[in-house]
Each structure stands twice: as C-alpha cells, then as structure tokens.
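**Student:** Protein chains in written order, with our numbering: chain D, 1 to 332; chain E, 1 to 282; chain A, 1 to 331.
Keep in mind that the hints are not guaranteed to be accurate.
Restraint-style ranges between C-beta atoms, simulated for each label pair [stated by the list, open to error]:
id, chain 1, residue 1, chain 2, residue 2, range
1, D, Arg207, A, Glu315, 37 to 47 Å
2, E, Ser54, D, Pro60, 55 to 65 Å
3, A, Arg127, E, Leu182, 16 to 26 Å
4, D, Ala107, A, Ser18, 31 to 41 Å
5, D, Ala124, A, Arg293, 29 to 39 Å
6, D, Gly271, A, Gly205, 15 to 25 Å
7, A, Ala24, E, Phe125, 29 to 39 Å
8, A, Ser18, D, Glu151, 24 to 34 Å
9, E, Ser183, A, Ala240, 41 to 51 Å
10, A, Gly205, D, Ala275, 24 to 34 Å
11, A, Glu298, D, Ala278, 43 to 53 Å
Not everything, but these chain A residues come out facing chain D in the computed CB check (under 10 Å) [what the hints assert, rightly or not]:
id, residue
12, Trp27
13, Glu49
14, Arg190
15, Ala191
16, Gly192
17, Asn195
18, Glu203
19, Asp214
20, Gly256
The calculated lysine-lysine pairs, modelled on DSSO-like cross-linking and capped at a C-alpha distance of 30 Å, are [what the hints assert, rightly or not]:
id, chain 1, residue 1, chain 2, residue 2
21, D, Lys192, A, Lys198
22, A, Lys198, A, Lys88
23, E, Lys166, A, Lys22
24, A, Lys29, D, Lys192
25, D, Lys108, D, Lys125
26, A, Lys88, A, Lys59
27, A, Lys29, A, Lys184
28, A, Lys29, E, Lys166
29, A, Lys198, A, Lys184
30, E, Lys166, A, Lys59
31, D, Lys299, A, Lys184
32, A, Lys59, A, Lys184
33, A, Lys88, D, Lys192
34, D, Lys192, A, Lys59
35, A, Lys29, A, Lys59
36, A, Lys88, E, Lys166
No lab work stands behind these hints: they were computed from the structure. Using N, Cα and C, we set each Cβ at its ideal position, and we do this for glycine too.
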Amino acid sequence: MSDVLVDIRQLTAGFRSQGRTLGIVRGVDLTIERGEVLGIIGESGSGKTVTGLALLRLLPENAEVQAERMVFDGQDLLTLDDDGFGALRGARLAMIFQDPVASFNPAKRIGWHLHTIFTRADEAKARSVATPWRERARAILHDVGITRAEETIDLFPHQLSGGMLQRVLIALILALEPDLIVADEPTTNLDKLVERQVLRLFRDLQRRLSAAIVFITHDMATAASLCDRIAVMYAGQIVEIGRTRDVFEAPSHPYTQGLVRTSLALARGEGGRLAEIAGELPNPSQLPPGCLFEPRCDKAFGRCRVERPEPFPGRHGRAVRCFLAEMEQEPS
Amino acid sequence: MNSKFQIGAILRNRLALAGLAITVVVILAITLGAALMPHSEEDMDFVNLLMPPSLEHPFGTDAFGRDVLTRVLIGGRMSLMISLSAIALASVVGTMMGSLSAYHGGWTDAVLMRFSDLLFAFPSFVLALFLMVVLGFGTPNIILAIALVYLPIFARIARNMTMLIKEEPYVQAARLMGRRPLSIIVGEIIPNFSAPLLVQASIGVAFGIILEAGLSFIGLGVQPPTPSLGSIMADGREYFSRGPWVLTFSGLAISFALLGLNLLGDGIRDLTDPRLRERAAP
Amino acid sequence: MKPTPSAALVAIRDLSLSFPGKPAGTWFKALDEVSLDIRPREILGLVGESGSGKTTLGKAILRLHRPSSGSITIDGRDIAQLGERQLKPFRRDLQMIFQDPAASFNPRRTIGQALSQPLLTQRLARRAELPERIETLLRRVGLPARFSSSFPHELSGGQLQRVAIARALALAPALIVADEAVSKLDVSVRAGVLNLFKDIQAETGLSMLFITHDLEVARFLCHRIGVLYHGRLVEIGPAAEVFSRPLHPYTKLLLGTLDAADDDSGDIRRMQSVSNSGCRYLNTCPLAIDLCRERRPELEALRTGHLVACHRAGEWAAPGAVPRRAEQTSA
Numbered sequence: 001m002s003d004v005l006v007d008i009r010q011l012t013a014g015f016r017s018q019g020r021t022l023g024i025v026r027g028v029d030l031t032i033e034r035g036e037v038l039g040i041i042g043e044s045g046s047g048k049t050v051t052g053l054a055l056l057r058l059l060p061e062n063a064e065v066q067a068e069r070m071v072f073d074g075q076d077l078l079t080l081d082d083d084g085f086g087a088l089r090g091a092r093l094a095m096i097f098q099d100p101v102a103s104f105n106p107a108k109r110i111g112w113h114l115h116t117i118f119t120r121a122d123e124a125k126a127r128s129v130a131t132p133w134r135e136r137a138r139a140i141l142h143d144v145g146i147t148r149a150e151e152t153i154d155l156f157p158h159q160l161s162g163g164m165l166q167r168v169l170i171a172l173i174l175a176l177e178p179d180l181i182v183a184d185e186p187t188t189n190l191d192k193l194v195e196r197q198v199l200r201l202f203r204d205l206q207r208r209l210s211a212a213i214v215f216i217t218h219d220m221a222t223a224a225s226l227c228d229r230i231a232v233m234y235a236g237q238i239v240e241i242g243r244t245r246d247v248f249e250a251p252s253h254p255y256t257q258g259l260v261r262t263s264l265a266l267a268r269g270e271g272g273r274l275a276e277i278a279g280e281l282p283n284p285s286q287l288p289p290g291c292l293f294e295p296r297c298d299k300a301f302g303r304c305r306v307e308r309p310e311p312f313p314g315r316h317g318r319a320v321r322c323f324l325a326e327m328e329q330e331p332s
Numbered sequence: 001m002n003s004k005f006q007i008g009a010i011l012r013n014r015l016a017l018a019g020l021a022i023t024v025v026v027i028l029a030i031t032l033g034a035a036l037m038p039h040s041e042e043d044m045d046f047v048n049l050l051m052p053p054s055l056e057h058p059f060g061t062d063a064f065g066r067d068v069l070t071r072v073l074i075g076g077r078m079s080l081m082i083s084l085s086a087i088a089l090a091s092v093v094g095t096m097m098g099s100l101s102a103y104h105g106g107w108t109d110a111v112l113m114r115f116s117d118l119l120f121a122f123p124s125f126v127l128a129l130f131l132m133v134v135l136g137f138g139t140p141n142i143i144l145a146i147a148l149v150y151l152p153i154f155a156r157i158a159r160n161m162t163m164l165i166k167e168e169p170y171v172q173a174a175r176l177m178g179r180r181p182l183s184i185i186v187g188e189i190i191p192n193f194s195a196p197l198l199v200q201a202s203i204g205v206a207f208g209i210i211l212e213a214g215l216s217f218i219g220l221g222v223q224p225p226t227p228s229l230g231s232i233m234a235d236g237r238e239y240f241s242r243g244p245w246v247l248t249f250s251g252l253a254i255s256f257a258l259l260g261l262n263l264l265g266d267g268i269r270d271l272t273d274p275r276l277r278e279r280a281a282p
Numbered sequence: 001m002k003p004t005p006s007a008a009l010v011a012i013r014d015l016s017l018s019f020p021g022k023p024a025g026t027w028f029k030a031l032d033e034v035s036l037d038i039r040p041r042e043i044l045g046l047v048g049e050s051g052s053g054k055t056t057l058g059k060a061i062l063r064l065h066r067p068s069s070g071s072i073t074i075d076g077r078d079i080a081q082l083g084e085r086q087l088k089p090f091r092r093d094l095q096m097i098f099q100d101p102a103a104s105f106n107p108r109r110t111i112g113q114a115l116s117q118p119l120l121t122q123r124l125a126r127r128a129e130l131p132e133r134i135e136t137l138l139r140r141v142g143l144p145a146r147f148s149s150s151f152p153h154e155l156s157g158g159q160l161q162r163v164a165i166a167r168a169l170a171l172a173p174a175l176i177v178a179d180e181a182v183s184k185l186d187v188s189v190r191a192g193v194l195n196l197f198k199d200i201q202a203e204t205g206l207s208m209l210f211i212t213h214d215l216e217v218a219r220f221l222c223h224r225i226g227v228l229y230h231g232r233l234v235e236i237g238p239a240a241e242v243f244s245r246p247l248h249p250y251t252k253l254l255l256g257t258l259d260a261a262d263d264d265s266g267d268i269r270r271m272q273s274v275s276n277s278g279c280r281y282l283n284t285c286p287l288a289i290d291l292c293r294e295r296r297p298e299l300e301a302l303r304t305g306h307l308v309a310c311h312r313a314g315e316w317a318a319p320g321a322v323p324r325r326a327e328q329t330s331a
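Could you put together the complete structure from these sequences and hints?
**Tutor:** Here is the structure:
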C-alpha cells in the first residue's frame, strides 16, 4: 500500500463553451500504485477518457481542470509548469490512444520512431547504450510478436494494419520505459482475435516494465481479463472501485451490478432476456439533485433523490458511492 | 444545423457580420437608394458636363452630364441582377447535373463530367467572351454565358458531395423504402450540402459581377445607354484624365460589393466547416 | 446437401461480388460463391472479422449492391440483377438497421418525419393517420411519443437505434438485416436494444440477418450462425451447436478453443495472408494438409443442419474426436 505512484484528490474537469462550463469529471479520487493495472470502466460521456487525459495534461485549451491534489511519484503536478510537465510526459508518462495511427508521424518510417524514443529514453535515464539502434529496434519488435522485424523497421505507418500499429506502439512504450501508461480503449477498434493478442502484450508489458497502467475501456470482459483493480465511472464520478475479483463477484453499486449481470449473461451464453438498465446517462447541464444514478436506479429510495452519496469505504480499498452499501455495512 | 442556429452564428462571427452588413447596405442602396435619387440615370444635363463631386452630385457627373451616383446605383442593380440570375441558373442546373451524375455513376457520370471538364478547360473570361460571340449580345445572353462559365463549379461540388453522402446510412435507408432516385437526391442528399453551395453561390455572385463588368467594359455585355457597372467604367475610361471620378467611383462600387460578398461567403464557410465549429463548441 | 428452396424465405445461391481493387484493373472478391438460406421466423447470425464480407453480403441481399453473379431468390423470383424500378415491390419486405445510429437519420429531419417517410412512400398510411401511426411505432420500441418532434441530434445512440428499428418495422418487412446494430451502443443501453430485437422477432415472426463481430451477442440472439472468412461461408449451423462443437478450424480460433495451441504463432501477418487457391484459410490453419492446397472445400453437412467447408472436418465431426496437426497425420 505504501508504493503509491499517483495520488489524485477531488479532480474536476469540464469544457468552456459559449460562456459556460460544462462539467464532465466531478470529483474523482484515485490512487495508482506502482506496477498495478487499474481499469477505468464507463460509457461514453462518463468522463473516463477526460480523467485519463487530465492526468497527463493532454486536454484542449478550453478545458478547465481543478484538483485538491495531484501528485506523481512525490512530485506535485499542480504546481508543475508546462515545460516541466512536457519533460515528464516525454520520459515517465505515456499515452496509448484508441486510434494508433494518430500516434505516428505518417511521413516517417517505423525505425525513425523507435530511434527517436531510444534517444529520448537514454537521455532521460542518463545512460549510453553501445548496441546499435537497429539491433535494439529489431529486438524490441520481436518482443511484441512482430516476426518480420527487419522489414517492419523500414515501413511507413500506413503500410501496417491497425493491430500491427498497436503492437509497434507498445514496442515504443517498451523502449521508453515509462512509469505510468494511460491506455484509452486501445483494443476497441481491433478484431477479436487481434484484440486478444494485444491484451496479452499489455500483460507482458506490465510484467516487464513494472509500470502502472491505467486501462480505460467500456468493456467489462476486457477489463476483467487484464486489470488488478477496477474503477467504474458514471456521469463523471467513480461509483465503485475495488479489486477486480471483488467487483465482479460481488458488485455493490446498482450500476455495476447491472453491467456485471449483462456481461456475465452474455459470456455464459444464457438465454432469455438480459437485465436492462432503464433510461439514459443524465445530461451534464441538467443533473439530478441527488444521486446521479438515481433516475435509472431500481433500488432508489427517498434519500437518493435529495442527497448525493459520498464514496463509502469497504474492505481491500473498496469504495462505493451508494447509500445502500453504507446501510448494509453499518450494522456489523 | 437548423437555420435558426446559423443566423445566430452569423451574428456572432465578426467577419461574417461585416460581410452581411456590407451586402445589406449594397442591396438597400441599389433598390431603395436608387429609387430615392432626385435624378434619373438617363437625365442629361449639358450645362454640367464632367462636374467633379459636389453636394448636388456626390460622385460627380459624366460626359453627358448624367449623375454618376445614380448611374452607379442603377448600374449596380443591373449588374447584380444579371449575376444573381446567372448564379441561380448555374447552381440549380449544375447541382442537379453533378448530383444525378454521381448518384447514377456509370456512363451518365462520364458524359456529364467530361462536358463539365470541357467548360473547365478554358480560362473563364475567354470562355465567356467566346460564348458572347456565339450567343450574340443582349442581357439574357450575358446571363447564359456567366451561368455556363460557373456551372461546372457547382457540378463539381455537387458531384463530390453526393459521392460522399450517398453512402450514408440514411440515404441507403431511403433507398430501402423504395423511394425514387430523384426524390432521394432532392430530399435527402442536396439539403445536406447546402452550406458549401451557399458559400460557392455568394462567391459566385461576386465573380459574376466581375465577369459582367468585364464583358460590358469591352462592349460585349450590356449595351448603352442602359448602365451597368462595366459600361459605366468603359465610359469613364475614355475621359479619365478630365473626369477621373467616373471610373474611380464605379470601380470602388464594384470593390465594395465584392468585399461584402466575399466576406459573407468566407463567414458562412467558417461557420459551417465542422472542424472550425468544433473548436468553438466541443 | 441442398436445402429445399420452399423452406427458405430468402435463398442465396453462389453469390459473388467483386469490387474494383488496387492497383486499378484488379478485382477484389468481397464475396466468393456464398450459398445460404434465411428461413422464416429465424434470426441468422453472420459472424466474421472486419473484411470478411459480412456487411457486403447483407447489403447485397438487400440489393444495395449489385452482385457480380449468383442468385437471391425471394417469393420465387431472383432479384439479384433487378433494376431499381423493378425492385420497388420487394423493398417493403427487406429493411436494414445500420451500425451507426447517428448516421442513420437525415440530420435535418425530425424523428416524426423520418418515420412517416416509409409509410408515405409505400402508401401504407394517409397523412391524417400519420401522428397515430408514429406514436404506435415509437411506443412499440419503448420510446415516448414526444420524440416525434425531436431532431436526431437530440437523442442518444440507444434511443436512435430504437427509432431505426421502428423505421424498419413501419413497413412490416419479412426480413431485417441488422449490421453491427449494437456495437456502437453504450453497454448500459445495449442490453435493452438486444432484448428489443429478441422481443420484436418473437412477436412479429419476421426473419433477421444479424451481422456482428461479437460472438457473445450472436450466441444470445441468433438461432443459427454463419461464419464468414474472407468472402467465403466456412461454417453454418444451429447456434448452440456451432458454439459448443464448432467444426471449422477458423471458427474454433474465433471461439478461442484453439487459443492455447495457437498461442505462440500469434503472427498477425500470417493471420492475414489469404490463400487464393485451395482453401482460403490454408495459410493460417494449423491442421492444413496437401488436399487443402489442391482443392477448395465446399460446404458439406456433417451433422443435421450443420454445414462446414473443410476437408478434414469429417475427422472430428464425430463425438469425442480430437483434431491433430498436419505433421502428425501425414507421418
């Protein structure tokens, strides 16, 4: 528990548009330990991507980000200027996007990208490596399962398929050896078979680098297969966080329960009807006064309509934003 | 995407607003303004030939003693009317041509597009000159000539946009309902690229005014004594050394009108370009 | 085994479709002699990876594409080569639901207008009846009647996909082709839309061709499953059967049952190289033998209603049989 890499308290983020600010992330508390894989699950509009981008200070100009605390490896991110943050991002933080193409310079060969990263990583770690870069590149491409590494070095990004590019991107990150990787739906656009292979690479990556990975996804099954801990986001808040097994075996928040039930029913091939969550995500400009999930919740009662629940702590770092969880735990 | 949003957005965009304001001023001037003028564009005053600008004649008088301001306003009306009619004709025919061509593909597309390539191959002024010679003088023929010069531009836009939009699921859904191609093109496809058409039309009207002025300037367009901006300039050129105001003011009038139309066109493009709009409101 | 034509709602035989490819002058075979029946009252799932031709097949059946060859027989008539005008009477019976709900609607029309279009075009309702008909349609898919005056951008993806279902239902079609109809929806609304598909099929008895890359969704919804691999139908059979006892090596790979054996050969390049002679799956297949190189396997029924295009499938079609690698068998 002592090895905390990232500590965030009360992160809020929103976008200014036409004179007002539209809130997307509403008070997220998050600690990420060194070497763990933390899954952030949520639907579009839940704030999962914005949380990831805010963490790496990658949000556009019109974004407003605030936090009580934002610490990375003992360094206060809130007081760090843009240059300092840029240096940090280039060496110790990395981001993987859903569309791997966007991460490459289309006019440069794969080899150039690897070479650039090698140089940067060596500078950051203040070391000099005697091995020629081509050899290092070949070795690292082999590591991510690219058998024709020698050819691949001389290809341009557009000559590779999406799955291959995502592999090369993982190779780049292996070369960079960052301490924290934020991956935003890295497998969503890939075919199932390729997705399976890329997920396997992520596990290798984490094992080899002992880096912390924040894996953002909308897919319960993907998160379950990869992550040590899971944070479920809804309408800009973490509604439930805990160890993957705990969350899947005994989901506590009604929203998590719905997601897990549907996901399990599909995975087990059950017939009949699926459990539905009625309604839609709330409009960020017309939030319900009480619990944000209350309008869709079939267990809501009077208090949920007037008061917004705070995260209620449980065992093994579990926290649930639901009055029911609080009531169940209190007697014991 | 609805019209209410666009008008509101135009008012918020300074460039578009300036363009709109200039265009409105121009239109008011050539309609209301011309009607209010104390002189008629053909009233000759042989006592006051080539008088410099004064209170009585703010733009001065020409070689026949006619009030230049009145003539510029009436001539502007003529030029704008010719240009508007030509662009209206070009946009309707060109858009239909391009859309039908793209929707059906095959040899229809090949024939129509080669025809438009042919029109494209000539410099626009040379083509207009050639058409005027073939068609003969007269206002309807100027309209036709300008329309033919501008038609391929609309056909191109319509073809490219239709190519993109016809693969959209909502167009395919319309096909699955059993709707006729023409109804799909007019009802589903064209309304969804009306913005680039509008941009092109406003720039086209400016372009049409230049073309008309050019043709009339060399005597192939509107015939005297009917004033158009081109023919006023042609008159003014002859005695530029003695009365420079005639050419200067009619030229400035054209520049002013073109400035307005181009700003408006640019403004509309900025507002309807999704990349630019997203930056304003994510 | 050829299924009897009378049993099928839509009978597809040897359907091929080629697109002009790169470089110019070459042709890309998106569909290669696909034969299958869509039966009355069934949900037929079509699974495969991107580029397998599943969307192309769906659109060809609806005649949004014109097939290069082969037949599509519906009501005893082959519609494969009909022109747009001759297709009009068939249009009513064949509807589609698209992947992207936001793109399925003309952004400039209200939901009410979108729903009245099919009714007016096919003369199924008079103008005066429209408000009532639209309300019924919206109710049917679980939406409030007030959405009638909303514009598409005011609705969420899940709501729009329900409207798309309503639009397809407006014509009371015999077949709905749903192309990845839930893959762009958020998880919490996906279950509801899947249930709706199931309910509607059960209530109306229409047939559905459900195209998806998500095997779990296919298993939940479909009665039968067809597996496409690079334009070829490699396996088709009852859903439970295909999932519990898949016959084609590619199906097994998709389902993950061959995962452990294939673990180390995760070379994506190899995965993508498609053989142009013999079996298309040849280069990836761990079980390929010489025959697979020489002759293209055709669909054969190895169990009742369970067809597979694989020369070796007979070896493991019997209960208890285990596939063995080529080296072992040829030795």
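**Student:** All the hints need checking, so say for each whether the structure fits it.
**Tutor:** Hint check results:
1. Range check, Arg207/D to Glu315/A: about 39 Å between beta-carbon atoms, so the 37 to 47 Å window is met.
2. One distance hint, 55 to 65 Å for the beta-carbon pair Ser54/E and Pro60/D, holds here, with the actual separation near 58 Å.
3. Between Arg127/A and Leu182/E, the C-beta spacing of about 21 Å keeps the proposed range 16 to 26 Å intact.
4. Range check, Ala107/D to Ser18/A: Cβ separation about 33 Å, and the 31 to 41 Å hint holds.
5. Taking 29 to 39 Å as the suggested C-beta distance range, the pair Ala124/D and Arg293/A does not conform, at roughly 52 Å.
6. In this structure the hint that Gly271/D and Gly205/A lie 15 to 25 Å apart at CB holds, the actual value being about 19 Å.
7. Here the CB-CB span from Ala24/A to Phe125/E is close to 36 Å, well matched to the stated 29 to 39 Å.
8. For Ser18/A and Glu151/D, the Cβ-Cβ distance of about 30 Å falls inside the hinted range of 24 to 34 Å, so the restraint holds.
9. Separation of Ser183/E from Ala240/A is about 45 Å and conforms to the stated range, judged on CB atoms against 41 to 51 Å.
10. In this structure the hint that Gly205/A and Ala275/D lie 24 to 34 Å apart at CB holds, the actual value being about 26 Å.
11. For the hinted restraint 43 to 53 Å between Glu298/A and Ala278/D, the CB-CB distance of approximately 48 Å keeps it satisfied.
12. For Trp27/A, the interface hint is violated, the least distance from its beta-carbon to any beta-carbon of chain D being 21 Å, above 10 Å.
13. Because the beta carbon of Glu49/A sits about 4 Å from the nearest beta carbon in chain D, less than 10 Å, this interface hint is met.
14. Satisfaction of the interface hint for Arg190/A is found here, the shortest Cβ-Cβ separation to chain D being roughly 7 Å, below the 10 Å cut-off.
15. With its C-beta approaching chain D no nearer than about 4 Å, Ala191/A sits inside the 10 Å limit, and its interface hint holds.
16. For Gly192/A, the interface hint holds, the least distance from its beta-carbon to any beta-carbon of chain D being 4 Å, beneath 10 Å.
17. The interface hint given for Asn195/A is met, as the beta carbon of that residue sits about 5 Å from the closest beta carbon of chain D, less than 10 Å.
18. Restraint check, Glu203/A versus chain D: the minimum CB separation of about 13 Å is more than 10 Å; hint violated.
19. The closest approach between the C-beta of Asp214/A and any C-beta of chain D is roughly 8 Å, which is under the 10 Å cut-off, so the hint is satisfied.
20. Evaluation of the Gly256/A hint against chain D yields a held restraint, the C-beta minimum of about 7 Å falling below 10 Å.
21. At roughly 24 Å between alpha-carbon atoms, Lys192/D and Lys198/A fall within 30 Å of each other, so this suggested pair holds.
22. Under the criterion of a C-alpha separation no larger than 30 Å, the hint pairing Lys198/A with Lys88/A is consistent with the structure, at around 28 Å.
23. Restraint check for Lys166/E and Lys22/A: the C-alpha separation of about 22 Å stays at or below 30 Å, so the hint holds.
24. With a C-alpha separation of about 23 Å, the suggested pair Lys29/A and Lys192/D falls inside the 30 Å cut-off, and the hint holds.
25. At roughly 25 Å between alpha-carbon atoms, Lys108/D and Lys125/D fall within 30 Å of each other, so this suggested pair holds.
26. A threshold of 30 Å between alpha carbons decides the hint, and for Lys88/A with Lys59/A the separation of about 16 Å falls inside it, so the pair holds.
27. About 27 Å separates the Cα atoms of Lys29/A and Lys184/A, which keeps this hinted pair within 30 Å; it holds.
28. Restraint check for Lys29/A and Lys166/E: satisfied, since their Cα atoms lie roughly 23 Å apart, inside the 30 Å limit.
29. For the proposed pair Lys198/A and Lys184/A, the alpha carbon gap of about 18 Å is at most 30 Å, so the pair holds.
30. A hinted pair counts as satisfied when its Cα atoms are at most 30 Å apart, and Lys166/E with Lys59/A qualifies at roughly 14 Å.
31. Pair hint Lys299/D plus Lys184/A holds up; C-alpha atoms about 28 Å apart against a cutoff of 30 Å.
32. A threshold of 30 Å between alpha carbons decides the hint, and for Lys59/A with Lys184/A the separation of about 19 Å falls inside it, so the pair holds.
33. Straight-line distance between C-alpha atoms of Lys88/A and Lys192/D comes to about 38 Å, which puts the hinted pair past the 30 Å bound.
34. Restraint check for Lys192/D and Lys59/A: the C-alpha separation of about 23 Å stays at or below 30 Å, so the hint holds.
35. As the CA atoms of Lys29/A and Lys59/A are separated by approximately 15 Å, the hinted pair is consistent with the 30 Å bound.
36. Of the supplied pair hints, the one linking Lys88/A and Lys166/E holds, its CA atoms being roughly 18 Å apart against a limit of 30 Å.
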